[in-house]
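Protein chains in written order, with the working numbering: chain A, 1 to 344; chain B, 1 to 344; chain C, 1 to 344; chain D, 1 to 344.
It is worth saying that the hints were derived from the structure and are not from the lab.
Even glycine gets a Cβ: it sits at the ideal position worked out from N, Cα and C.
Hints are supplied without guarantee of correctness; some may be wrong.
Claimed, not checked - Covered, in the sense of this in silico footprint (three residues per stretch, anywhere, with C-beta under 8 angstroms from a C-beta of chain B), are these stretches of chain A:
hint	region
1	57 to 67
2	192 to 205
Said to hold, decoys possible - What follows is a list of derived Cβ distance ranges for each label pair:
hint	chain 1	residue 1	chain 2	residue 2	range
3	A	277	B	35	32 to 38 angstroms
4	B	311	D	305	56 to 62 angstroms
5	B	219	D	123	46 to 52 angstroms
6	B	195	D	154	44 to 50 angstroms
7	B	304	D	219	49 to 55 angstroms
8	B	195	A	49	58 to 64 angstroms
9	C	185	A	125	56 to 62 angstroms
10	D	127	C	25	37 to 43 angstroms
11	A	51	B	1	29 to 35 angstroms
Number of protein chains: 4
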Amino acid sequence: MFRWNNDYNQGAHPAILQALQQTNQYAYAGYGLDEWCDKGSLAIKKYLGRTDVDIHFLIGGTQTNYTLISHALRPWQSAVCADCGHINVHETGALEHVGLKILTAPAKDGKLTAEALHAIIAAYRSSNTKEHITEPKLVYLSSPSELGTVYAKSELLAIKHECLQNDLLLFIDGARLGYGLGAKGNDVDLKTVASLADAFYIGGTKCGALFGEALVIVNDALKKHFRASMKQNGGMLAKGWLLGLQFYTLFADGLYFEITKKADEQADRIRDALIKKGIPLCPENRTNQIFASLDAEQEKILAQGHIFEQEGYDPDGRKIVRFCTSWSTDETAVDALIADIESL
Amino acid sequence: MFRWNNDYNQGAHPAILQALQQTNQYAYAGYGLDEWCDKGSLAIKKYLGRTDVDIHFLIGGTQTNYTLISHALRPWQSAVCADCGHINVHETGALEHVGLKILTAPAKDGKLTAEALHAIIAAYRSSNTKEHITEPKLVYLSSPSELGTVYAKSELLAIKHECLQNDLLLFIDGARLGYGLGAKGNDVDLKTVASLADAFYIGGTKCGALFGEALVIVNDALKKHFRASMKQNGGMLAKGWLLGLQFYTLFADGLYFEITKKADEQADRIRDALIKKGIPLCPENRTNQIFASLDAEQEKILAQGHIFEQEGYDPDGRKIVRFCTSWSTDETAVDALIADIESL
Amino acid sequence: MFRWNNDYNQGAHPAILQALQQTNQYAYAGYGLDEWCDKGSLAIKKYLGRTDVDIHFLIGGTQTNYTLISHALRPWQSAVCADCGHINVHETGALEHVGLKILTAPAKDGKLTAEALHAIIAAYRSSNTKEHITEPKLVYLSSPSELGTVYAKSELLAIKHECLQNDLLLFIDGARLGYGLGAKGNDVDLKTVASLADAFYIGGTKCGALFGEALVIVNDALKKHFRASMKQNGGMLAKGWLLGLQFYTLFADGLYFEITKKADEQADRIRDALIKKGIPLCPENRTNQIFASLDAEQEKILAQGHIFEQEGYDPDGRKIVRFCTSWSTDETAVDALIADIESL
Amino acid sequence: MFRWNNDYNQGAHPAILQALQQTNQYAYAGYGLDEWCDKGSLAIKKYLGRTDVDIHFLIGGTQTNYTLISHALRPWQSAVCADCGHINVHETGALEHVGLKILTAPAKDGKLTAEALHAIIAAYRSSNTKEHITEPKLVYLSSPSELGTVYAKSELLAIKHECLQNDLLLFIDGARLGYGLGAKGNDVDLKTVASLADAFYIGGTKCGALFGEALVIVNDALKKHFRASMKQNGGMLAKGWLLGLQFYTLFADGLYFEITKKADEQADRIRDALIKKGIPLCPENRTNQIFASLDAEQEKILAQGHIFEQEGYDPDGRKIVRFCTSWSTDETAVDALIADIESL
């Protein structure tokens, strides 16, 4: 039985366990004020091509999202996201729990469009009772999105343009950023992300680490007191070096890019097999998440050897399922899945 | 240079790293719905002598405190704690951040007393404008306390009596619970804790784990929807089995009790040396945290070979410092510290 | 120039000012614990045909909405409403500000439908990751709605059925309740409202009072500690008798019903004139708010003698405007408006 | 029976009811965007001697306090006040409810001292784990205080000095400001208050109005978006002109100062009688609230003809009671009370 249901079902890349082992006998300063956090930050900054950013290591995605957004916004302001955005539909109202409203726009293939964003901003700006509504002040987007699609550079530029014209912040959820960077056709690199986002995070949990997200704060206005917000929101790990060390291991020599790219390639192999069989992708993407519509017979057969996730139904009533590859995906597992697809 | 400044400056007990290594190649269900969380829970329940409790694994103490308390209370209710309580003075207002007020009582040796609790409850009950004040509804206490003191069974019983008389919940922060259980003279075991508290947690971060706290919910009324509160408060680890596995490792064969007891014994050796030198303990306790008043000369000498924490000043103007032992404390380091104390 | 832009642009029914005058020399207990609040409650209960409800007098609608809802819900729960619901679009995120998420359903003529509600509940119930989403627990609806439409008894029964089947609370915002009760064709009376809603409020601000909303709590589970929630949310008026007195004046002899019904009748006269001219109503309703599509010429002419509100555009690009009648509408003003409509 | 229990037990100064009557037939713009709010602001600004402030009219004190403070602070910041401060002890945790922590200092005669404030700030500034505690960022004080004492100019200057040295905001709760301004020996006028406070409010509810508080925002940084915060916190009255009109009536010709001064003078007459009888004042003050220690016999006799408030016990076990005069206090009632005191 092969598990494809998600990309966080295995521990960590062996190099990370090794690093934990090698440092286990040493004592470090607490709460992220240690040398590994410094080294991890430096290793990431090298890929950003700049040192004028603050990097903080948090534990998980939900936590990172609501901590950063609630640090950035005032009570009368709100975050804009696609209706399928993770903060809107999969975080148990965490952002509202700390007092902030989300304004949602219809997504296109899982992505927020500049047009939809523009409409939300325009509605606010043209209102003559602004004090009765919240001020859209921050754009949240995830790339890859919840549907595995990646924002093209042109799409990010169009969104950024709206942000600049209207004084909104841009925050990018990169829980699966590695898989976006490694995707075929992707034209965005870390430097570009850092040049566009006021803050973004580089996901570790789903990309080789045991756990951890590296939040990069680019906008100076968001930097001060962020560690207080981390502590207040339960996001400051006592043994913070465990996070720094993991990101150092992933970024010192580019391991992060290597393993996520490989996962994308394996996903492409599976996608090719699906396409060849005429199985619809919904939507098509080039990252590690594959969404496909299966008929009942196909699903039944594949379920004999593979665990995958149910995602609802397509307009024709066929089941949408998700297969994820990840940094830990074994090539022989992919071979097996492809063989089973070909046999359909 | 030996580090005594805190009890969370080293990774994890070797058995834990070994367990991570051995399971790293296997895939597990996410979000704590895996077999290791089950096994970890069962291992703990064995020591509780009961199975009718819910056990959840969270990442850190602050998070566990505010998640449980905000899950338990309604907006018009408040938590009562000693003025030096961790939720009041070291969590950046995390509980207030999610909307709840703390009522504080003067501590005695770091502990809340039943008398002080009674006074707070009585003030509420005798008020004829109750709707203008918050209802004290939950008692928070940490044992060992922030000053390393342990609540005696009689003290807990007196506090519980107040709770029962006045319909308050009792929540015990056990970030250092292991060191309390292992302390000389302690008359409280896990079964007793579970018989008194509506909820409590067994600290892992400071007691041998890489990170993690095992929250035990005893009161049925607090059980439902707790996983939603965990997610909402950023406390649900994607790879939840990493927590379950660690607690399984610590509790399957009693390792937790063994390593924390040993740390207490090492602390007792240091305390004996201090007492012999006439150095005041403030307050005296039998757990892994040693608070001592040093004069300038003593501090200077000890600082040459040891890192310890500054905690303020005693009434005579001498510096109060903290030495912590932990599960990772090396006996030879203790020997060295004792030798240096004896040389003062 | 006649003002039709809203229904809260004049002080109070003369009987209310008279009552204020007559009581001004007497001293009363504070915070709503006075005889006028008692009398106001009794007067309302007479029309409810029951005494087993709690009635609280708050100052305004937004305040009443978020105070009741946040009193009723737990952090992991959410309120369901139509996408145009007042709590969603006109209260500056007040409900989110106190920590709660809103789930929205597409409205039909400004109203929530049982079908749309069912879909939201079904999505939650069928989810196998419930802890990642909020639990829909309370239905908010306003009747008359923001578009002046009134829920028929059958519509309320269908919504109530969903609530009962799925353990949701039903809360009705009655900021304009009087205009709903008095509307032609309305088949819901106060007894029916009280038999269906767990809580609802009878609007005073827009229906003859200087200010004030009478919140009726029917469900016993919501009654306790509500005054604490009022105080905590800034909704407890020091001189509470000012509210009780106003509602006593409105309900002692049915003045409330009389003046709102008259306003509906005046609105019907205006609607008739619009219909006769072929001016579309959008949507049609029988309460005090008239929404009509005007072309540029029509708008220009009417604007010469009348102030009305801009509400956006209809699909054909014509401007949607709102005319409100109210308890204070003068018949001669209506005559003038009708004459101007007829002249178009 | 005469009522002395509080200063908000009667309606409004007759001039206010008259103004309501005279404007009742006119229609006004909603939400405070009307001419009376403009006129009320201008009338107040005349006494401030400046026009560069924003004035907003809110309904009550609790609402004004938490709305302003939560508008001003970020989540990691806290408000400092005396332990007996109204926001700490009489507002049902309203400030915590919207996410903010209060740091309390021991009061002296109901007042915060610059020394106690300094100690709180110093503790923060000297901390080397600042991210684990909240940043003291705003000073809240009420003048007159909850014990009727007034801050001398020198006391306010000393507190302001601390604020300026450490970048804290100063917010003054003036629920009873009129009684402070009119008190014998007071050396602070409205111009001085406006020169020291970043924001403060002029109480109407207890000083002649039916209800309402005039919030003066002096600091430019606090001005923007405040109306959104008002709406979000339920503090924007639909018929806002009712508030503006009342403050216009009170300030157009100085009525506010006249009626509160007279109340202070009546209180002084009562205090003189108490002192003559050797009845201790606790503490002594010169405003409209009189706190006195009565023995059982004295209390019994006075209770025959007067209603007053119980406030607890003095160190000798005598009951502390409160008598309030107000703008509505009748001179003959004062004569009666004095006669009864003299008869003791």
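For which of the previously enumerated hints does the structure constitute a violation, in increasing order of number? The structure conflicts with hints 2, 5, 6, 9 and 10, although it agrees with all the remaining ones.
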